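Student: Protein chains in written order, with the numbering used here: chain R, 28 to 520; chain B, 182 to 280; chain G, 2 to 484.
These aren't lab readings, by the way, just hints derived from the structure by calculation.
Just so you know, these numbers come straight off a predicted model, no measurement behind them.
Certain hints may be false.
Stated by the list, open to error - One-sided and incomplete, this derived list gives chain B residues near chain G with beta-carbon spacing under 8 Å:
#1 Leu195
#2 Gly203
#3 Asp246
#4 Val265
#5 Glu269
What the hints assert, rightly or not - As a list, the in silico DSS-like pairs of lysine-lysine whose alpha-carbon atoms are at most 27 Å apart:
#6 R:Lys291 <-> R:Lys425
#7 G:Lys180 <-> G:Lys222
#8 G:Lys138 <-> B:Lys256
#9 G:Lys179 <-> G:Lys318
#10 G:Lys434 <-> G:Lys480
#11 B:Lys199 <-> R:Lys444
#12 R:Lys77 <-> B:Lys256
#13 G:Lys408 <-> G:Lys342
#14 G:Lys348 <-> G:Lys468
#15 G:Lys318 <-> B:Lys199
#16 G:Lys468 <-> G:Lys420
#17 G:Lys222 <-> B:Lys277
#18 R:Lys267 <-> B:Lys256
#19 B:Lys277 <-> G:Lys147
#20 G:Lys481 <-> G:Lys468
#21 B:Lys256 <-> R:Lys444
#22 B:Lys277 <-> G:Lys87
#23 G:Lys222 <-> G:Lys179
#24 G:Lys179 <-> G:Lys397
#25 B:Lys186 <-> G:Lys87
#26 G:Lys481 <-> G:Lys420
#27 B:Lys256 <-> G:Lys147
#28 G:Lys179 <-> G:Lys123
#29 G:Lys179 <-> G:Lys121
#30 R:Lys139 <-> B:Lys256
#31 G:Lys138 <-> R:Lys267
#32 G:Lys87 <-> B:Lys199
#33 R:Lys296 <-> R:Lys267
#34 R:Lys139 <-> R:Lys83
#35 R:Lys296 <-> R:Lys309
#36 G:Lys348 <-> G:Lys397
#37 G:Lys434 <-> R:Lys267
#38 B:Lys277 <-> G:Lys138
#39 R:Lys334 <-> R:Lys309
Ideal placement from N, C-alpha and C gives every residue a C-beta, glycine not left out.
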Amino acid sequence: MTNLTDLTIAEARDGLRKKAFSARELTEAHVKAVEAARDLNAFITETPEKALAMAKVSDERLARGEGGLLEGVPIGIKDLFCTEGVLTTAASHILDGFVPPYESTVTANLWKAGAVMLGKLNMDEFAMGSSNTTSYYGPAKNPWRRPGDNRPLVPGGSSGGSAAAVAARIAMGATATDTGGSIRQPASFCGVVGIKPTYGRCSRWGIVAFASSLDQAGPITRTVRDAAIMLRVMAGHDPKDSTSVPRPVPDYEAALTGDIRGLKFGIPKEYRVDGMSSEIEKLWQQGVEWLRAAGAEPVEISLPHTKYALPTYYIIAPAEASSNLARYDGVRFGLRVPGNSLDEMYENTRGQGFGAEVRRRILIGTYVLSAGYYDAYYLKAQRVRTLIARDFTEAFRKCDVILTPTAPSAAFPIGEKADDPIAMYLNDVFTVTVNLAGLPGISVPAGLSADGLPLGLQLIGRAFDEETLFRVAGVLESAANFTAKPPAVGTGA
Amino acid sequence: MSLDKATVARIATLARIKLADGDLDRMTGELQSILNWVEQLNELDTAHVEPMTSAVEVVLPMREDVVTDGGYADKILANATDPVMEPEGGFFTVPKVVE
Amino acid sequence: MLIEGKTGNWEIVVGLEVHAQVISNAKLFSGAATAFGAPPNTQVSFVDAAFPGMLPVINRFCVEQAVKTGLGLNATINQVSVFDRKNYFYADLPAGYQISQYTRPIVSNGRITIDLPDGKTKEIGITRLHLEQDAGKSLHDQHPSKTYVDLNRSGIALMEIVSEPDIRSPEEAGAYLKKLRSILRYLGTCDGNMEEGSLRCDANVSVRRPGEPYGTRCEIKNVNSIRYVMQAIEYEARRQVEVIESGGTVEQETRLFDASRGITRSMRSKEHAHDYRYFPDPDLLPLVLDSKWIEEIRAQMPELPDAKKERFVRDYKLSPYDAGVLVAERESADFFEEVAKGRKDPKLAANWVIVELFGALNRLGLDITKSPVSAKQLAGLLDLIENNTISGRIAKDVFALMIETGKDAATIVEERGLKQVTDTGAIEAAIDKVMADNAAKVAEYRGGKQQLFGWFVGQVMKATGGKANPSMVNELLRKKLAG
Chain R
28 MTNLTDLTIA EARDGLRKKA FSARELTEAH VKAVEAARDL NAFITETPEK
78 ALAMAKVSDE RLARGEGGLL EGVPIGIKDL FCTEGVLTTA ASHILDGFVP
128 PYESTVTANL WKAGAVMLGK LNMDEFAMGS SNTTSYYGPA KNPWRRPGDN
178 RPLVPGGSSG GSAAAVAARI AMGATATDTG GSIRQPASFC GVVGIKPTYG
228 RCSRWGIVAF ASSLDQAGPI TRTVRDAAIM LRVMAGHDPK DSTSVPRPVP
278 DYEAALTGDI RGLKFGIPKE YRVDGMSSEI EKLWQQGVEW LRAAGAEPVE
328 ISLPHTKYAL PTYYIIAPAE ASSNLARYDG VRFGLRVPGN SLDEMYENTR
378 GQGFGAEVRR RILIGTYVLS AGYYDAYYLK AQRVRTLIAR DFTEAFRKCD
428 VILTPTAPSA AFPIGEKADD PIAMYLNDVF TVTVNLAGLP GISVPAGLSA
478 DGLPLGLQLI GRAFDEETLF RVAGVLESAA NFTAKPPAVG TGA
Chain B
182 MSLDKATVAR IATLARIKLA DGDLDRMTGE LQSILNWVEQ LNELDTAHVE
232 PMTSAVEVVL PMREDVVTDG GYADKILANA TDPVMEPEGG FFTVPKVVE
Chain G
2 MLIEGKTGNW EIVVGLEVHA QVISNAKLFS GAATAFGAPP NTQVSFVDAA
52 FPGMLPVINR FCVEQAVKTG LGLNATINQV SVFDRKNYFY ADLPAGYQIS
102 QYTRPIVSNG RITIDLPDGK TKEIGITRLH LEQDAGKSLH DQHPSKTYVD
152 LNRSGIALME IVSEPDIRSP EEAGAYLKKL RSILRYLGTC DGNMEEGSLR
202 CDANVSVRRP GEPYGTRCEI KNVNSIRYVM QAIEYEARRQ VEVIESGGTV
252 EQETRLFDAS RGITRSMRSK EHAHDYRYFP DPDLLPLVLD SKWIEEIRAQ
302 MPELPDAKKE RFVRDYKLSP YDAGVLVAER ESADFFEEVA KGRKDPKLAA
352 NWVIVELFGA LNRLGLDITK SPVSAKQLAG LLDLIENNTI SGRIAKDVFA
402 LMIETGKDAA TIVEERGLKQ VTDTGAIEAA IDKVMADNAA KVAEYRGGKQ
452 QLFGWFVGQV MKATGGKANP SMVNELLRKK LAG
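Please build the complete structure, drawing on both the sequences and the hints.
Tutor: Right, here's the structure in full:
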């Protein structure tokens, strides 16, 4: 019998229904795997008792023939989602001890569907980063290593812990969030699937806010089908979130027909960036061939404002973040560092509570919004954002999806690029446009780099057309047939 | 746009973040390079482009004027440092503000 | 009004910023309650306390109240408006920003007519009205080294109403606030209670030589009554004149009004640079109002004070002054109309309401809504006067008894036998007796001492137990004394 931890969510769902194993067994296997893989530092908080209690309830429901769409499936939750009664830190010192008295809408949806919580996953502090090296709780490690090289690699970020846990088979799926690429890029680095849905598809209520007009929750899983299953549960209108869109959630799994004949996929010429590694270029080309072989037609498209997307993002996101993070002030929750006056208390608490990258972004954000600079920076960036969104609207007249690489490289060693913020920002060059335009994007593991590390391909879709995205992703996944696994971590069940 | 230490110090005060002295130097340098990098947006003529107001195309939803929330002071104060609980409700406390 | 300075005349220029708490059940962006006086932090939702991940959802009724107010201020309702974040740090502002409206408010370009003491009117422009969140309350006096924070008020809807700098004197400022408050209360959008803080006023004051450009202005905060606003403006304008005339320049700053000393003073705390870094709130989309909804709101507007006053003057033939007094509060106007409707003499009704009823209510410290005499009852009293059952003088006594006992006028008149004597014969008989008993005085009167007439009237009234119809007494007495 396959290790229970090797199953996909779809397989687990079937196994549970057929009573090949119980929810308790499935969860126990994962709880053990989590323990054994502590070296990865994928989890900030483990919740084994809660998991077993939830599994017990799942078994009872399944026995009554009542199970939900994710009944008994053990998953990890990025520590950006507020989980009632469970420490939630956003990987920051400033949220020390914060136990939310409420549950985020997305995780509430998951528990209602019967999912089981293994714990809270590591991430870059306040979701700011592309490497999971800015966490107060230490970096998470990519379960992949370069053969013959001992150095731990970054799992990507900000949802590093989520991608690492899923790749290491210590969770069957994980929730994550994506503001500039934080689902797709770590998925690519860890050889798993990650989808950022259309802005407004999932509720942001109860998710620690980073950049309100860009943040979106989404699943990280090992297969496209699993992502479709999870997204269906996570998504949906929430009246508590004014930016949540009242559209019904389709059965995304039903979109996985495998048939993309006649579909047009765009190849944006501006994504061929200077200095792009030849293996990424080759993989991209390979992706084109796979889709063409399945009956789809490649179309050259232009997204002329692509090169301005990163600087646009690095004005808008920090600006919104500087305001969203003003509430972390030591008054009502989290860390308080004393001061002789109110302002001193604020300055000490925030100076010590926030890590360097967060402080950097808050300062940039404060600067670009400040008097005299608002027009030149923030307003300008919002105009450029309109241009970027228009690029996509134009492009989608000529094609139904867009194919690009997900990241400009494979995972790199922890510590590399640490001194140069901009070098770190460039990790998001292929993903950031999608957040700016509010569109859905998915990363599918497509191949291995020369040094044996996963490389992903990204598909970008029209707003609220996740179905087409899943359909094409499914075809890509079959064609790529990415069966490589990271070296076993600890022992599975 | 050129950034000097005094400006960074002023921004840090606006943001209520205390920067240690060594930090101020480094931060000024880092912020300066980021700002230099984002300058490239000026290559674009956006005079006739509307700023993006939202990533979604819906109008602002409104809710009914009904009391549906509040009434749980204990939960509101549960995570606070140094709250003062009263027979009913309670207060957050902060270092005294002199007005 | 001009201030006479040492070097000439100065004109006062005032703009008023009023924050009016919106009457609603729940807060502007959260579902917590708004009622005044609840135990601390018991009317606070996680949204109001700015917990991680919380998001605002706007209350439709608060928007309606703002639209209604805008219409009542003769202003333009902007169909598209935007919510902006105003970023600053303070203990009673949990999110570190206030959701407000900066560049595109919901209402602009209004005007109201104010009534000046000399009977003239003046139009004051209203630049804008926007919606924003109220902050919580900081209590600095509960502990020696700590400030206590109560967030019950945090998130309640406020309308910020900004006037044009059209106000030229403390009196005009007072009149503006009175009229604005009256309109808000008529509309039911704000209860205008300055003591409880549901109406707050900041005054922007500057001085200039007549005809010259505007001078530097100072903002005066913390004035919680109309009287104090007027005092503060008076003091501040004179202060500024003194500064300028002694060679200094007025510094633009925020000052506090110290009511106990009647002065304004500079705020002691270090003024942080006011860089609010306004930007559109990304958690909220632009507010779009459809014209149909605006028209529905307009159709449901009540008659406002100015229109009602005009109607009272026109239909009830009241003096503008009397009409003005009656319409100051909607409840008074409604009370008066109930009394006056269908009467032959509405002026009598106005007189009784303004002089007798309001006088009594003032003495008793009661609001008209708690009047011990109902409009119907007062109308009943007036009926008895108009049909000559009792005299106006006796009516006052009856009124006092109505207040005391709660009984109807007719009942009291019956019970106490207060019916007026209108029988000519009886009055003549009383007059004859008084004249007969006071022959000497009659002679004096006929001899030229006309002022004794009043004395004779008094004697006749005494003889009839006060019940003789006074005008009949006058007429008959004059005839008889003439000889």
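Student: Checking against the hints above, which ones are violated?
Tutor: 2, 15, 21, 24, 33, 37
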